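Trainee: Residue numbers (this note's numbering), protein chains in the order written: chain A, 1 to 239; chain B, 1 to 239; chain C, 1 to 239; chain D, 1 to 239.
None of these hints come from the bench; they were simulated from the model.
Nothing here was measured: the structure is a model prediction, and the numbers come from that model.
Wrong hints could be hidden among the right ones.
Pairs involving identical chains hold if they fit within one copy or between any two copies, as the list cannot separate such chains.
[Unchecked claim] Result set (SDA-like, lysine to any residue): computed pairs, CA atoms no more than 25 Å apart in a straight line:
1. Lys-109 - Ala-238
2. Lys-109 - Arg-48
3. Lys-109 - Glu-54
4. Lys-109 - Gln-234
5. Lys-16 - Asn-125
6. Lys-109 - Arg-236
7. Lys-113 - Val-86
8. Lys-16 - Arg-227
9. Lys-113 - Glu-210
Letter by letter, the chains look like this.
Number of protein chains: 4
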Amino acid sequence: MTPIRVTVWGENRHEKTDPPVAARYPDGMHAAIASGIRSHLGQGAVVRTATLDEPEHGLTEDMLAATDVLTWWGHIAHDDVDDAVVERVHRHVLSGMGLLVLHSGHFSKIFIKLMGTTCSLQWRNEHDRELVWTVDPTHPIAEGVPHPVELGEHEMYGEFFDIPAPDELIFISSFTGGEVFRSGATFRRGHGKVFYFSPGDQAYPIYHNEHVQRILANAVRWARTTRPDRTLPQVRRAT
Amino acid sequence: MTPIRVTVWGENRHEKTDPPVAARYPDGMHAAIASGIRSHLGQGAVVRTATLDEPEHGLTEDMLAATDVLTWWGHIAHDDVDDAVVERVHRHVLSGMGLLVLHSGHFSKIFIKLMGTTCSLQWRNEHDRELVWTVDPTHPIAEGVPHPVELGEHEMYGEFFDIPAPDELIFISSFTGGEVFRSGATFRRGHGKVFYFSPGDQAYPIYHNEHVQRILANAVRWARTTRPDRTLPQVRRAT
Amino acid sequence: MTPIRVTVWGENRHEKTDPPVAARYPDGMHAAIASGIRSHLGQGAVVRTATLDEPEHGLTEDMLAATDVLTWWGHIAHDDVDDAVVERVHRHVLSGMGLLVLHSGHFSKIFIKLMGTTCSLQWRNEHDRELVWTVDPTHPIAEGVPHPVELGEHEMYGEFFDIPAPDELIFISSFTGGEVFRSGATFRRGHGKVFYFSPGDQAYPIYHNEHVQRILANAVRWARTTRPDRTLPQVRRAT
Amino acid sequence: MTPIRVTVWGENRHEKTDPPVAARYPDGMHAAIASGIRSHLGQGAVVRTATLDEPEHGLTEDMLAATDVLTWWGHIAHDDVDDAVVERVHRHVLSGMGLLVLHSGHFSKIFIKLMGTTCSLQWRNEHDRELVWTVDPTHPIAEGVPHPVELGEHEMYGEFFDIPAPDELIFISSFTGGEVFRSGATFRRGHGKVFYFSPGDQAYPIYHNEHVQRILANAVRWARTTRPDRTLPQVRRAT
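Between the sequences and the hints, there should be enough to build the whole structure, so can you do that?
Mentor: Encoded structure:
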């Protein structure tokens with residue numbers, strides 16, 4: 001099988017203005033995410049990165065057409081993402097491009113557009129311990145992952161998480177405060193496959209965690225569609 | 001229990017320009033839909049109608065705030081629906097208003113916004129016989145409905161229907177040409193409940209069919225949420 | 001609508017041999033469960049009880065035929081339940097009787113038979129605090145319930161819970177130890193509706209909790225099928 | 001990746017007593033099924049067969065322990081399958097062995113045990129044309145399959161099919177008589193993955209159809225679990 005063409009998209013703003021984030025992720029969060037995927041997939045993937053401040057956010061038509069799976073991390077600048085680019089990404093997802101939406105990406109324009117809901121949730125940033133439990137142990141995204149994955153400190157994301165009922169619920173997290181969260185879930189949209197995964201706040205070194213890296217690599221493999229064409233489902237008059 | 005406040009929304013354009021449609025539905029398709037719901041729910045519902053050419057399409061903030069369940073039929077004028085009204089309806093659905101999307105409403109702005117997909121499908125308007133089979137016989141929307149419901153002539157809607165996997169698949173239709181369609185399906189979005197039902201083309205007297213009327217009445221009952229408040233799921237900082 | 005005919009089935013063994021349980025539930029756990037349902041449904045339900053040590057465990061053909069919804073609590077004596085009675089209950093569920101399976105009933109013969117899996121889980125009985133979070137806020141079973149329901153002390157039930165993916169996941173619990181559990185879930189089987197709800201260990205006064213009582217009453221209402229007949233889905237040769 | 005170890009199980013009774021079936025499948029239906037899988041998976045699979053009249057039906061503990069995916073075709077002799085073997089197969093499925101249940105296998109002991117329902121359906125054996133439509137076009141089991149697959153003549157299987165709501169509904173069939181059927185569906189049970197596929201009556205040469213062969217080969221690939229161990233989900237006391 002040919003290598004999976006992955007584009008890791010990062011907002012890359014905290015890294016420029018927040019020294020602790022820059023220290024944690026000296027090349028940007030996107031670089032750490034890309035590195036984790038590369039380390040797990042090796043020759044099985046070709047991983048590029050793109051960021052908000054590039055022209056067209058680095059997500060040109062050509063770039064997307066050459067992308068099997070896109071990962072999306074954004075937080076403080078969702079509104080700066082151009083609507084035309086969001087439309088383009090949406091069209092590519094429905095045409096068969098895989099999409100991984102990460103952490104605060106729950107409030108990105110593209111995720112809200114794909115879900116149809118507010119995508120709101122409860123949160124608290126006070127160094128809770130997060131435990132990520134697998135509730136779908138045969139799912140390929142959970143392959144090789146401990147039960148639970150322990151994240152020593154992380155931002156709390158809690159229910160109610162306003163998303164459609166997932167097609168598959170893979171992970172549920174708990175937090176020190178007793179909250180729970182559907183932290184790993186899949187959704188099929190058009191010809192594309194979407195995975196949301198909540199761990200990954202900029203204030204913690206989550207993307208250096210080997211198990212998180214494994215989950216993202218598994219998800220990249222899962223999200224590549226088996227359809228070689230890249231076509232939008234279309235209305236057609238039957239004869 | 002207080003009566004369900006139903007608003008039946010109709011595009012009401014074919015009825016003005018297409019004499020056979022006007023003959024079939026002399027008071028408009030919305031009037032026939034409303035009448036069918038009334039006949040089944042009696043004192044259990046207060047049914048009003050609203051149409052595209054009214055100010056704000058008849059869907060003011062006050063009107064929606066006083067609506068438990070909205071039904072939506074549109075076809076040739078989806079683009080004439082004001083985006084601000086679509087946003088308003090969307091907010092009310094996510095806040096707990098039930099929504100029934102009918103037939104060609106699959107291409108309405110509100111349905112596409114709630115689904116996140118193209119909502120495209122295959123079609124052919126050649127008087128196919130449609131059989132509507134129940135595949136979820138305990139669902140309240142299927143209560144009292146024959147298996148199958150036979151519609152002597154109808155427009156064919158066929159797969160692939162580009163929607164998210166439904167929360168509940170209740171009806172599957174077949175057509176003379178051999179096509180199949182997921183013709184009755186539910187989706188929860190935010191605090192609201194959505195039912196899509198495909199029978200109902202303007203060129204056939206579908207809304208005079210007693211079984212179709214029963215299904216719509218059942219769906220109105222199902223779609224009223226049990227939440228007395230009308231609130232949007234909201235992001236909240238936990239303590 | 002006629003009152004819902006509810007039969008609350010209890011194993012009723014701990015109550016006879018374990019003084020703290022007897023003190024907590026002087027008339028048996030089944031009596032407390034029945035009382036909670038009655039207090040919420042009032043004239044809307046007729047609630048009877050039956051226990052393991054009655055002839056045919058109190059679940060004769062006539063008794064089941066006159067039952068709209070059966071609730072099941074068992075723990076130390078699953079093996080003492082007669083296989084013929086299990087077959088009978090199974091037939092009635094598939095014919096349209098609602099079933100609520102409570103707590104340690106996850107290992108009952110009837111639940112395993114309906115699920116097809118081991119129904120195993122993780123557990124620890126060390127007075128964890130349990131928080132029951134609603135993840136499907138429009139579901140009628142969650143109506144009127146705080147988010148979360150706090151149970152000061154309870155046995156821990158944790159994932160992986162070996163059940164089929166639920167049709168609807170309504171509640172997720174967390175525990176002091178950080179574990180999570182899908183604590184409220186629905187399953188349709190044949191013409192019947194099944195709800196599993198995990199709170200309810202004999203060592204804690206869970207069935208005296210008003211919110212637990214509300215959930216069980218809501219579930220009774222939900223589990224009554226709309227089908228007036230009581231028929232098994234049957235193979236039939238079509239013509 | 002190591003080759004998938006497939007065991008194709010066939011009842012192999014019609015072939016011995018019904019000359020037209022023997023003519024259609026001179027080496028048995030199981031041989032044709034095995035041949036189709038081999039032709040699509042090549043070096044990617046090692047395919048063996050086993051039949052009812054072998055000792056332990058050819059499904060010894062060793063045989064199952066060395067099987068990644070088992071396919072099951074039975075029809076007139078479900079009752080002749082030893083309950084101990086059914087228990088053994090059930091244990092292996094829940095431990096991670098994939099299972100494909102074919103056509104009349106809907107009434108096999110193993111399928112009923114895994115589903116928990118009657119698994120009944122409607123049928124008519126009168127040479128209907130069957131069209132198999134894909135409703136989940138991104139699913140790997142549907143890869144490379146025309147929409148629809150046309151089966152010139154086949155037995156009709158119709159709804160209501162008494163199964164739990166599938167985890168994924170991939171195919172829906174229609175028949176000349178206008179009936180519909182959920183003809184391809186997946187279910188996760190324990191650590192195992194199950195696929196039901198309805199085409200395959202002994203009175204028609206269905207397993208010689210290249211598209212049916214492709215679907216079965218795709219399903220074999222899908223059903224192999226990613227878990228290298230073969231363990232039953234087990235109750236465990238947490239500390």
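Trainee: Taking the hints in turn, state whether each one holds.
Mentor: Going through the hints against the structure:
{"no.": "1", "hint": "Lys-109 - Ala-238", "verdict": "between (34 Å within a copy, 24 Å between copies)"}
{"no.": "2", "hint": "Lys-109 - Arg-48", "verdict": "within (22 Å within a copy, 35 Å between copies)"}
{"no.": "3", "hint": "Lys-109 - Glu-54", "verdict": "within (18 Å within a copy, 32 Å between copies)"}
{"no.": "4", "hint": "Lys-109 - Gln-234", "verdict": "both (23 Å within a copy, 16 Å between copies)"}
{"no.": "5", "hint": "Lys-16 - Asn-125", "verdict": "within (21 Å within a copy, 49 Å between copies)"}
{"no.": "6", "hint": "Lys-109 - Arg-236", "verdict": "between (29 Å within a copy, 19 Å between copies)"}
{"no.": "7", "hint": "Lys-113 - Val-86", "verdict": "both (9 Å within a copy, 14 Å between copies)"}
{"no.": "8", "hint": "Lys-16 - Arg-227", "verdict": "neither (39 Å within a copy, 42 Å between copies)"}
{"no.": "9", "hint": "Lys-113 - Glu-210", "verdict": "neither (31 Å within a copy, 37 Å between copies)"}
Hint compliance for this structure: hints 8, 9 are not met, and every other hint is.
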